[in-house]
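Build the full structure now, drawing on both the sequences and the hints.
Chains Y and G are the protein sequences, given in the same order. Letter by letter, the first sequence follows residues 1 to 257 of UniProt numbering. Letter by letter, the second sequence follows residues 1 to 257 of UniProt numbering.
Take these hints with a grain of salt, some might be off.
The list cannot tell twin chains apart, which means a pair is met if one copy fits it or any two copies do.
To be verified - Listed below are the simulated DMTMM-like cross-link pairs for lysine to aspartate or glutamate, each with C-alpha atoms no more than 25 angstroms apart in a straight line:
no. : residue 1 : residue 2
1   : LYS250    : GLU75
2   : LYS250    : GLU206
3   : LYS250    : ASP101
4   : LYS184    : ASP21
These are calculated hints, taken from the structure and not from any lab test.
Protein chains: 2
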Amino acid sequence: MSLSVSLTAIPGIPDIRDGDDLAAIIGDRLDAADLGLRHGDILCVAQKVFSKAEGCIIPLDSVTPSDEALRYAEELNKDARKVEVVLRESTRVVRSFRRPDQNEGTMICEHRLGFISANAAVDESNFGEESAVMVLPPDPDASCDALRAALHARFGAEIGVVMTDTFGRPWRLGQVNVAIGLSKVPATIREQGNTDAWGRPLQVTEPALADEIAAASGLVVRKDGKTPAVLLRGLDWTPAESRGADILRKKQEDMFR
Amino acid sequence: MSLSVSLTAIPGIPDIRDGDDLAAIIGDRLDAADLGLRHGDILCVAQKVFSKAEGCIIPLDSVTPSDEALRYAEELNKDARKVEVVLRESTRVVRSFRRPDQNEGTMICEHRLGFISANAAVDESNFGEESAVMVLPPDPDASCDALRAALHARFGAEIGVVMTDTFGRPWRLGQVNVAIGLSKVPATIREQGNTDAWGRPLQVTEPALADEIAAASGLVVRKDGKTPAVLLRGLDWTPAESRGADILRKKQEDMFR
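Have a look at this one:
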């Protein structure tokens, strides 16, 4: 039972560039802030940081839109080249719409990695290039594994890593961070079969631990603040071999596809 | 900019009963744990605690199911009296289903308070009575206001209060805590018009602060642990007159009703 945890934005992380050694940069900032890494720490790192380090930036000049992209672009008042990138990142467009108050419409897509989000998580802001878009890393779990292994080698601590992205939700306004890649952090905790504090069997309860962690990291990260990495310390958790896709409902269990 | 926040489960909160003075109980536990309350603290308290203190428990013996309840009960293999309570708490059933692996089906409802959740947040577990169900407090914002005012009177600190409940989500497995009642805590933070760290205007970004706080509280609350109240300390935030309903998308903005 965790009684107290802390979330700390790791200070001083510079703008990341293609080819940067994330583990070295984050490790140096952890040392500089006298935080280090301890057994059981969990690092939450924004997708943008991984995408920049892995060069997942697509110049729009290099993109030729398909007929399908041209159709969506006209319907939604979007740049057809951006739509083309969204379609390439997606296995399916779940819904598309443009409300009267929207300049550009929205495409709700099933991403190649399985999750459903707006515009297939293709990002146009916050990476300093006007005529390019950013896509997710090819394998977020592998990116998390590599960061975890390198930091383990440096600090000797058994830690977990969560890659976060910022998603909107049906029914509820605003965005929260969710987990899209995991290393060692359990996607969910199965509490079925436990009893509650009054001895009665719990109904199906499966806290989405990785998403709780991702959402919590949002409390100390603000987009305009260059604080893309957060250290969660003090959580009582058991490492698992979860992958980001473990957080996704199977199609047949999901009534909202 | 918050660089570090802490989340602490307030220890020793007893089982709450109808008529209990929540502010006195929580205040005593805060003092006993040498936590107290400071300016800017936010208390996250589980819905169950408020519902118990406010007597929101309905003995099933007192419920006569309607024809509609009987129909759902048969289709979903549910107790018709429980279904009746769900229907009374709801303005609309959005979807109902029973998957082959489910003993009892699920009703996704629009609650009278406006949010969409499973079984209209009617709870059968974790309150120690076999033949009764628990419903949400009549006015969660008012419940939060009353708790905040009483704790302000005792500690003199300007604080915020969030009432949390545990919801499933479309597309993603497991549950996270969300905010269903607010006192002084902003529902969301509007970042439109800001620029990102590289000077480019941010696209529409509106972090759902109250839901981030609620989700974070789940990290130190476990259902079987009797830790229904969490103290968030260190967050940099500005009080607002938000209400729980401010977190809900308007119908015309929501493509998933």
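A quick look at each hint next to the structure:
no.	hint	verdict
1	LYS250 / GLU75	between (30 angstroms within a copy, 23 angstroms between copies)
2	LYS250 / GLU206	within (15 angstroms within a copy, 29 angstroms between copies)
3	LYS250 / ASP101	between (34 angstroms within a copy, 13 angstroms between copies)
4	LYS184 / ASP21	within (21 angstroms within a copy, 42 angstroms between copies)
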